[in-house]
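2 protein chains.
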Amino acid sequence: MQDAMESSVPEIEIWFDLASPYSYLSVMRIDDLAERARVAVRWRPFLLGAIFKSFGWDNSPFVLQKEKGAYMWQDMARQCRKQNIPWTRPSTFPRHPVLAARVALYGADAPWIGAFCRGVMLRNFAHDQDIATEADVSDVLNALVLPAATILAAAQSDENKSRLREQTDRAKSLGIFGAPTFFVRGEMYWGNDRLDDAIACARGLASG
Amino acid sequence: MQDAMESSVPEIEIWFDLASPYSYLSVMRIDDLAERARVAVRWRPFLLGAIFKSFGWDNSPFVLQKEKGAYMWQDMARQCRKQNIPWTRPSTFPRHPVLAARVALYGADAPWIGAFCRGVMLRNFAHDQDIATEADVSDVLNALVLPAATILAAAQSDENKSRLREQTDRAKSLGIFGAPTFFVRGEMYWGNDRLDDAIACARGLASG
Chain A
89 MQDAMESSVP EIEIWFDLAS PYSYLSVMRI DDLAERARVA VRWRPFLLGA IFKSFGWDNS
149 PFVLQKEKGA YMWQDMARQC RKQNIPWTRP STFPRHPVLA ARVALYGADA PWIGAFCRGV
209 MLRNFAHDQD IATEADVSDV LNALVLPAAT ILAAAQSDEN KSRLREQTDR AKSLGIFGAP
269 TFFVRGEMYW GNDRLDDAIA CARGLASG
Chain B
89 MQDAMESSVP EIEIWFDLAS PYSYLSVMRI DDLAERARVA VRWRPFLLGA IFKSFGWDNS
149 PFVLQKEKGA YMWQDMARQC RKQNIPWTRP STFPRHPVLA ARVALYGADA PWIGAFCRGV
209 MLRNFAHDQD IATEADVSDV LNALVLPAAT ILAAAQSDEN KSRLREQTDR AKSLGIFGAP
269 TFFVRGEMYW GNDRLDDAIA CARGLASG
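Heads up: the protein sequence lines correspond to chains A and B, in order.
Numbering-wise (the numbering used here), the first sequence opens with residue 89 and increments by one.
Numbering-wise (the numbering used here), the second sequence opens with residue 89 and increments by one.
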C-alpha cells in the first residue's frame, strides 16, 4: 500500500553557477547520488556574479579575499582527490559562465542537462579550457551529439536571456548567497558539503 | 618495529574563537574524536574579530551579510541535531569572547582546556548565557572546581594579554580567515565540516 507521500517522487533543486568551483563538486555527483536515492534532480542554473554584485562585490570572494582564495584551491584539490573527481586548477578564474548558463537554462528539463553541465565544468576544472564562447559551448554540445547551432540560437533568444535574469532574481529572493545551494522540502542547504544531507532530507531520512 | 613517524603522537591544531558558532560544533567534538583516533589536540584560541577587522569588516559576516546569517542559524540547528549537540539560538550575537579567550590561552596546555572551552561555548550556544564578564567565566571555572580568581588574574596579566594579541597575529600570518581552522602536518582545513578529514590526515589515513 502506498500513501500520497510515497507515490510522489521526492525532489532536490540544485542552484548552481557553471564557473563556481564548489558547484563543480556537486554537479559531478548529483545525478548519481540522486538516482541511487530515487530522488529527482531539478536543475536551476543562475549567475552567482549578479548575486555578488547585489552585495556590492565586483568579483568572487575567492578573488577579493586572498586568504580564502588560497585556501579554496588547496581544498578543491583535496576534495576532488577524496571524491574521485578529475581536477586541474584553472589558469583563469572565474571563467565567464553566461552563455553556458543560458544553454543550461534552456535545457534544464531536457534529458541531456546533467551531461551538459558536467561537460562544461570538466572543460573548466579538469581540462583548463574556456567555456565562454559559442565554439567552447558547441564543443560540449557536439560531444553529446546534440544540435549545437539550434540550441545556441534558442539559448540566446531574448526570451531565454530574460528567463536567466529572472532565475537569478529568483535566486536572490530565495536568499541564495553562494553556490551550490540545494532546496528540499522548503529547506535550504548551502555548499557541496551539504549535498548528502539534502539528498537524505529528500528521501525523508532526516528531519531537514 | 617502530619508525620515527609511528613513535611520535600525531597532532591536530584547532584554531577557534569562543564566540564562533561553527567553532562550537568542533570544540564540542574534537576531544572525543581525537582520543578515539589517538591524536593529540593542540588548542589555539584567537580572536576572529581582529582578523575580520584586518579585512575591513566591523562585525561577523553572519551579521554583515544578512542572507548568510539567516542561513547559518538554520544550518546550526540542523547540524547540532545531526551531531547530537545541545543548541539554543543565542539572543545576542556575537557575544564578547575576549576574557574567555585570555583564559583559554592561559590554560591551553592544561588538562582542563577542553572542558573549559566546552563550558564557555555551552553557556553561549546551549544556555543562551553571556560569556563576557568575570562572573560568567568564573561560573565555568567554578563548575570545573578550578581556582577561578587565580586563573582570572593570570589570564588578565599584561603578559597573557600580549600573548593573545600575538596568537591572533600568528593566525593572520598563517592565512586563517575563519574559524574553526585546523592544521595537521602543515595542511590547513577550514570549518567544522573538515574536522573528520583533518583527524584522518593526522592518523595518516589521507594524503591531506
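Derived by calculation from the structure, the hints in this document are not laboratory data.
Any given hint could turn out to be false.
Calculated pairs, DSS-like style, for lysine-lysine (alpha carbon to alpha carbon, straight line, at most 25 Å) [what the hints assert, rightly or not]:
#, chain 1, residue 1, chain 2, residue 2
1, A, Lys260, B, Lys156
2, B, Lys156, B, Lys260
3, B, Lys154, A, Lys249
4, A, Lys260, A, Lys156
5, A, Lys141, A, Lys154
6, B, Lys141, A, Lys154
7, B, Lys249, A, Lys141
8, B, Lys170, A, Lys154
9, B, Lys156, A, Lys141
10, B, Lys154, A, Lys156
11, B, Lys154, A, Lys170
12, B, Lys141, A, Lys249
13, B, Lys260, B, Lys141
14, A, Lys141, B, Lys170
15, B, Lys154, B, Lys141
Are the Cα positions of B/Lys156 and A/Lys141 separated by 25 Å at most?
It holds: about 15 Å lies between the C-alpha atoms, which stays within 25 Å.
Could you grab the alpha-carbon distance between B/Lys170 and A/Lys154 and see if it respects the 25 Å cut-off?
Violated - the C-alpha atoms of A/Lys154 and B/Lys170 are around 32 Å apart, more than 25 Å.
Going straight from one Cα to the other, do A/Lys141 and A/Lys154 come out at no more than 25 Å?
18 Å, holds
With the threshold set at 25 Å, check whether the alpha-carbon distance from A/Lys260 to B/Lys156 stays at or below it.
12 Å, holds
Would the hint linking B/Lys141 and A/Lys249 be met if the CA-CA limit is 25 Å?
Violated, at roughly 40 Å.
Measure nothing beyond the straight line between the CA atoms of B/Lys141 and A/Lys154; if it is 25 Å or shorter, mark the hint as holding.
Given pair B/Lys141, A/Lys154 holds - Cα atoms ~15 Å apart, limit 25 Å.
Has the given pair, A/Lys260 with A/Lys156, been kept, meaning a C-alpha gap of at most 25 Å?
23 Å, holds
Holds or violated: are the alpha carbons of B/Lys154 and A/Lys170 at most 25 Å from each other?
Measuring from Cα to Cα gives roughly 32 Å; hence the hint is violated.
Given pair status - A/Lys141, B/Lys249, alpha carbons within 25 Å:
40 Å, violated
Can you confirm whether the C-alpha distance between A/Lys141 and B/Lys170 stays at or below 25 Å?
34 Å, violated
Does A/Lys249 sit within 25 Å of B/Lys154, going by the straight-line distance between their CA atoms?
Violated, at about 29 Å.
Under the criterion that the straight-line Cα-Cα distance not exceed 25 Å, is the pair B/Lys260, B/Lys141 satisfied?
Cα-Cα ~11 Å, so holds.
Hints 3, 7, 8, 11, 12, 14 from the list above are not met by this structure, while the remaining hints are.
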